[in-house]
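Protein chains in written order, with our numbering: chain P, 1 to 478; chain R, 1 to 454.
There's no promise every hint is true.
[Stated by the list, open to error] Pairs of lysine-lysine, DSS-like flavour, derived with a Cα cap of 27 Å:
(1) Lys407/R with Lys30/P
(2) Lys162/R with Lys113/R
(3) Lys453/P with Lys162/R
(4) Lys30/P with Lys113/R
Quick caveat, the hints were computed from the structure, so don't treat them as lab data.
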Amino acid sequence: MREKNILKTGIFNLLFQLGFLVIMFAMGSKASLMIISGESSRFIILAAVILLLSLVWALFFYWQDRLEPEPVSYIIVSFIAGMAAAALAALPLFNTVFQVHKWIYSSSVLFVLGSFFVTASIVNLLLYIVIRWGFFPLKEFDEPVDGMVYGAIAGGGFACVQSLHYLSSHPSFTLFVITYIAATNILIYSAVGSIMGYIIGRAKFQEKSVPRSSMIAILTGTAVLGIYLLFNEFIFVSGFDHAFWLSFILTSIYSLLILLFCYLKMRKLTQKHHHKHADVPVNRTFNFTMGLLILILLAAAAVISHNGLQGKKFVNPTYGISFHYPHSLSSFSFNGMSQSLFPLTDEAEILFSGETGSPPYFSFSAIVRLTNTKNTTTDNHRELLQYVGVTERESLTVSDVEIGRGKGKRIAYSYIDKSLDAETDIEYGFPTLIHVYTDVVFFDKYTFIFTYKAASQHFNGGLPLYGQILESVRWERL
Amino acid sequence: MNWKKPAVMVVFLSLSCFLAAEDIPSDVTPFVKLGRLVKVSFYKNPVIDKRSKEIKHNGQLIKENLVQVPAGSGTIISPGGLILTNYHVYQMKNYFKYDSKKNMLLRETPAGKTMLVYRLAGNDPLKVPALHYSAAPVSLDKKHDTAILKIISDEKGKLISKNDFSYVSIGNPFAMRINEDITIIGYPSKGGDTVTITGGKFLGYYRSKRFYGLDGFIKTDGAMAPGNSGGAAMNKGTLIGVPTSVTLPTAAGSDLGYIHPVTWAAKTLTIANRKYGYKTPEIPVQWFYTDYNTDETKTFLYVTGNIISSHSNRPVSAEVAITRPDRTFTQIKNLHRQIQSVIKIYAARDLHKRGMSVEKIAKQFKMPRGKIEKFLTAKRTGENLSPDTTRYMKGEFFYKNANSDRKGFFILSIPRGRNVKVYVIKKGFRPVIRDAAIGSGVSHSLGAIKIFKQ
Numbered sequence: 001m002r003e004k005n006i007l008k009t010g011i012f013n014l015l016f017q018l019g020f021l022v023i024m025f026a027m028g029s030k031a032s033l034m035i036i037s038g039e040s041s042r043f044i045i046l047a048a049v050i051l052l053l054s055l056v057w058a059l060f061f062y063w064q065d066r067l068e069p070e071p072v073s074y075i076i077v078s079f080i081a082g083m084a085a086a087a088l089a090a091l092p093l094f095n096t097v098f099q100v101h102k103w104i105y106s107s108s109v110l111f112v113l114g115s116f117f118v119t120a121s122i123v124n125l126l127l128y129i130v131i132r133w134g135f136f137p138l139k140e141f142d143e144p145v146d147g148m149v150y151g152a153i154a155g156g157g158f159a160c161v162q163s164l165h166y167l168s169s170h171p172s173f174t175l176f177v178i179t180y181i182a183a184t185n186i187l188i189y190s191a192v193g194s195i196m197g198y199i200i201g202r203a204k205f206q207e208k209s210v211p212r213s214s215m216i217a218i219l220t221g222t223a224v225l226g227i228y229l230l231f232n233e234f235i236f237v238s239g240f241d242h243a244f245w246l247s248f249i250l251t252s253i254y255s256l257l258i259l260l261f262c263y264l265k266m267r268k269l270t271q272k273h274h275h276k277h278a279d280v281p282v283n284r285t286f287n288f289t290m291g292l293l294i295l296i297l298l299a300a301a302a303v304i305s306h307n308g309l310q311g312k313k314f315v316n317p318t319y320g321i322s323f324h325y326p327h328s329l330s331s332f333s334f335n336g337m338s339q340s341l342f343p344l345t346d347e348a349e350i351l352f353s354g355e356t357g358s359p360p361y362f363s364f365s366a367i368v369r370l371t372n373t374k375n376t377t378t379d380n381h382r383e384l385l386q387y388v389g390v391t392e393r394e395s396l397t398v399s400d401v402e403i404g405r406g407k408g409k410r411i412a413y414s415y416i417d418k419s420l421d422a423e424t425d426i427e428y429g430f431p432t433l434i435h436v437y438t439d440v441v442f443f444d445k446y447t448f449i450f451t452y453k454a455a456s457q458h459f460n461g462g463l464p465l466y467g468q469i470l471e472s473v474r475w476e477r478l
Numbered sequence: 001m002n003w004k005k006p007a008v009m010v011v012f013l014s015l016s017c018f019l020a021a022e023d024i025p026s027d028v029t030p031f032v033k034l035g036r037l038v039k040v041s042f043y044k045n046p047v048i049d050k051r052s053k054e055i056k057h058n059g060q061l062i063k064e065n066l067v068q069v070p071a072g073s074g075t076i077i078s079p080g081g082l083i084l085t086n087y088h089v090y091q092m093k094n095y096f097k098y099d100s101k102k103n104m105l106l107r108e109t110p111a112g113k114t115m116l117v118y119r120l121a122g123n124d125p126l127k128v129p130a131l132h133y134s135a136a137p138v139s140l141d142k143k144h145d146t147a148i149l150k151i152i153s154d155e156k157g158k159l160i161s162k163n164d165f166s167y168v169s170i171g172n173p174f175a176m177r178i179n180e181d182i183t184i185i186g187y188p189s190k191g192g193d194t195v196t197i198t199g200g201k202f203l204g205y206y207r208s209k210r211f212y213g214l215d216g217f218i219k220t221d222g223a224m225a226p227g228n229s230g231g232a233a234m235n236k237g238t239l240i241g242v243p244t245s246v247t248l249p250t251a252a253g254s255d256l257g258y259i260h261p262v263t264w265a266a267k268t269l270t271i272a273n274r275k276y277g278y279k280t281p282e283i284p285v286q287w288f289y290t291d292y293n294t295d296e297t298k299t300f301l302y303v304t305g306n307i308i309s310s311h312s313n314r315p316v317s318a319e320v321a322i323t324r325p326d327r328t329f330t331q332i333k334n335l336h337r338q339i340q341s342v343i344k345i346y347a348a349r350d351l352h353k354r355g356m357s358v359e360k361i362a363k364q365f366k367m368p369r370g371k372i373e374k375f376l377t378a379k380r381t382g383e384n385l386s387p388d389t390t391r392y393m394k395g396e397f398f399y400k401n402a403n404s405d406r407k408g409f410f411i412l413s414i415p416r417g418r419n420v421k422v423y424v425i426k427k428g429f430r431p432v433i434r435d436a437a438i439g440s441g442v443s444h445s446l447g448a449i450k451i452f453k454q
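Only chain R is shown next, with the shape it has when bound in the complex:
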């Protein structure tokens, strides 16, 4: 009777292999591991504030070395070498560890802005990926936790401009039926140095009124662990999302994995395309129209443009505001002022509701207790507000504003198919007021807006 148990095991494992095999692409090289070069410094006798645990002074440097540290996973999504990953995979905070017994401080700081890209050599998923390239950040979206990197050099640091990377095409994350198969490919640290490919089911979209962040991401029972972040979630051979988070093992019940729909990369893709001119995969606008899409992209698109000084033909950092055409600029300014104060009141109430004490809120807002208490106890904020402010707060579009960066580039989300007014304000330059009709695609470029010196 002893032979029965191993036989069942074999059947089970081979079955699971078979399920996943359907979705495993023949080419595994686009599924890369991301890491970074980190400077590790050891200090002796640091000065540390005992109350706030803040480091006042690093102390005496004893040892310093560079170490390659794994950061997460990524997927090559274009032949030009663009990598889609998570914002939190790219963004590394300064890490430090203090050993109070030895009075030693260990600090880890990123050695540069680029990330290391490890690729499976010889297209063999059983091998350990090797360092092949390094990639520079192109666009980061903190809100959607997505980021685009671009492969710029090989492992020796020599610049490359290859245009034949094998890549994964993206698929519609809103067209899956419940319990359809999802394959998760990535490099969780639990799985060691080799790639880990797991299978799971599509369990629907996460929706919650209590959740204050974004909701609408994909739920799955597929196994994921830290390190999977930024990797690939595949359905029918296409990339439908980016594995981003898992429930904590401390929560009761089985763990669930959360996948950000690939449509959440729309903003970063638009920046990569419009600002840098990289060829990016196109997302059909029909994908956004579904009720399952709870993101702003359902009705909004990304408007981009470049502010250029006509006198020097160079990009300029200026303030850009896109407003509805039936309001004057003065009306928009007044609305903006009122919104700014309402935001503070709501933020205070929100924090209080979530259990933050009045003292802490007062400290965070740099305001006295009494004022915060007034915020919290005032009956309704709506009484003194203008009708426009009330409508703005209900979600109507009045204006959006942004600063163009040093490349003159700006990006704003605006409702599709609207007539708008574009204002460009920059001291030392004449203001620009322009009418524009916004299209109905995924993004809309206003092109170069020229401003003239005073």
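Isolated chain P, as found in the complex:
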């Protein structure tokens, strides 16, 4: 009876998700939520779309558990627990502590490491904590299917918050993309939650060691989610026109295979142990090995994200200077190249130059030149400006600055960028105001000039990043 049930309700569930996606494609492959005025109403609609998908998914699991249905309140609590895990732990960890979005796309190595050891492992640790310490000890957790149900619904709650957070910061996304993101997130996180729930729950009925099962659960969940993230990335990198559909279909198949695997395993387990209700004494005390594993995973995440955040290291032994710059500054640009090829003056050499193509947009360069002792001591601003090649005379201030242990001057000025592509882009010919910081640090032999440039609306946004670069500057020989 149950097998029929999973197929029936599973197909219903999938058809609903697919049908909803098709409707949204027909309705909103062009329209975005921007047409609705008011941020709060936008948010409500977004939440409604996401919750509708989660609700159907939760119903699917609830129907699986017909034999001895879990109390509805527990189901709701598990959903909320999943949401809380995402809102209170996962999002702050991803966005504030590890700042994943800043570095994960900067190289393929970082992407692989970050997907497995930061994103996937943290999601799984949190889901594990919810299942293991929230629902595993419950009396109602009395058949193997319960692990799957609680795990999947907690995963659904997690996905719900994750989608809401991501989508509310991208109001330009079309309704179709919103539905796609919400649907795939629910599919994959529920699948991951259910496989974890199954493996943890198994311990209760097979009399296996709980810590060992827990470890297997976390590692399996991490592998399953990590592999998914990698493959999904691969689909998008291929630039395939219908990548969203392909991704949705493959995600559905992948998560269904996981669910089916759990389901078959669980049925076997139920047949074996159907006579016996689990009365395994539940050990609520803290387990040392588990704690160690959590610590190791967190430490790995910290190390990887630190590496990612620190950026790449620039070292020049000739001039004894080194600093770290964000990965986003280093990628190739056809148009950015030409300016940085030639030194400004004969004695000057461009050490490094790069620009970001995403917000906050800015360009950064480091130039070195021989120190002219006449100019270092002078307080005459005009000579200083001539010395570093700043031609702008208006809207200019000069202040003191300290970089590394070197003392110098900060020249701040603005100019209007008149360059625009007249041939194809004639409608939007507004000139942009560019703000510039030119920091000059004098040493006995060499003078270093750091320049930070950004359009006025992006200038303040890029300042922290520029500050980070300057903070990482080290001089070997002063």
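Chain R: place on chain P using the hints.
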């Protein structure tokens, strides 16, 4: 004997009228006069740098008014109201005049982006054209000095969408025999406010190795003057070119007029068609294949496309590179770096050859004298160059790159009938690499290229 002289005059004039009449179309309304609305401002006591003659400060504004100023001529080339003219007719630089005695400054600035279109009322070439429409710029091509405008509103500023403008069809500028008749229609300021229609001969194509700009335009002895720019050069009732320039009267000998072949509008027409979806006259690709066509269009076509974000379904400004398929992206990047430095060296040598002093070149390049001297004296630049760079410099196709504009649109010239790789790079998005087979027409559309957010 006194009657003889006027008789000869009459014969001569009527003969010339007859010659031109063959090519004068019955409908003269497509030959329009272009003007613009200009803001004229008078300032008192401006601050002017005595050395560089730069205006530091305009001074006190005394008077300001809007004036209609003639700019040149144009020709309607499609029933939808597209006007072909010169880039330099559309592009107006800020003009100023300084009266040092009165210490007064006069500044002229264009009041808007649209141009005023004056049309001959009642199809009568003897009448003064009247302001009928205003036209917005659609595409500009500085290199070929061509531009396409579109009529968007009537003289009162009310938007119109007419699709039955009388227009001139375009003809093959490379199929004329020497000394064939060319009729030039336009509004030179010398000719007053009415249309001026002159006749001339096709004298061949201008070719010169010493000329560093484009060459290959049409020579004629037909009378032209400033104001004819952007107008029509007709042969056998079709538009074969755009009168663009004349020799300076200071040059010894008779004056010659230069006409840009209508095929030089291929790029602007492609933009009008692919970017805005306007119906444009088609240029048969066979016209380009002739040896008389010295432009890149002989072997290259215009590849266009739109970059669209899949997440928001909106156009995105991204970097697009089209490369030959047998090179990796890293190889292309290295080639690009080397080419960029070679360009500077060649530019320095070129300027020096043409008589620019080392100081001036150094100033223009923002480089020290010593470095420029090294550029100029180095034996050959080819020694340290990779084989690909050398081949690139000989004209082989390796890559072309462009930025898509805010409408996501890009245009690049690529050899016809090639297999290529298309790269789209945009930070915050996943890179797109795509194979494409380029067709053999006048243009090739890659359509919408979707990119995905990271």
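Failing hints, ascending? 3, 4
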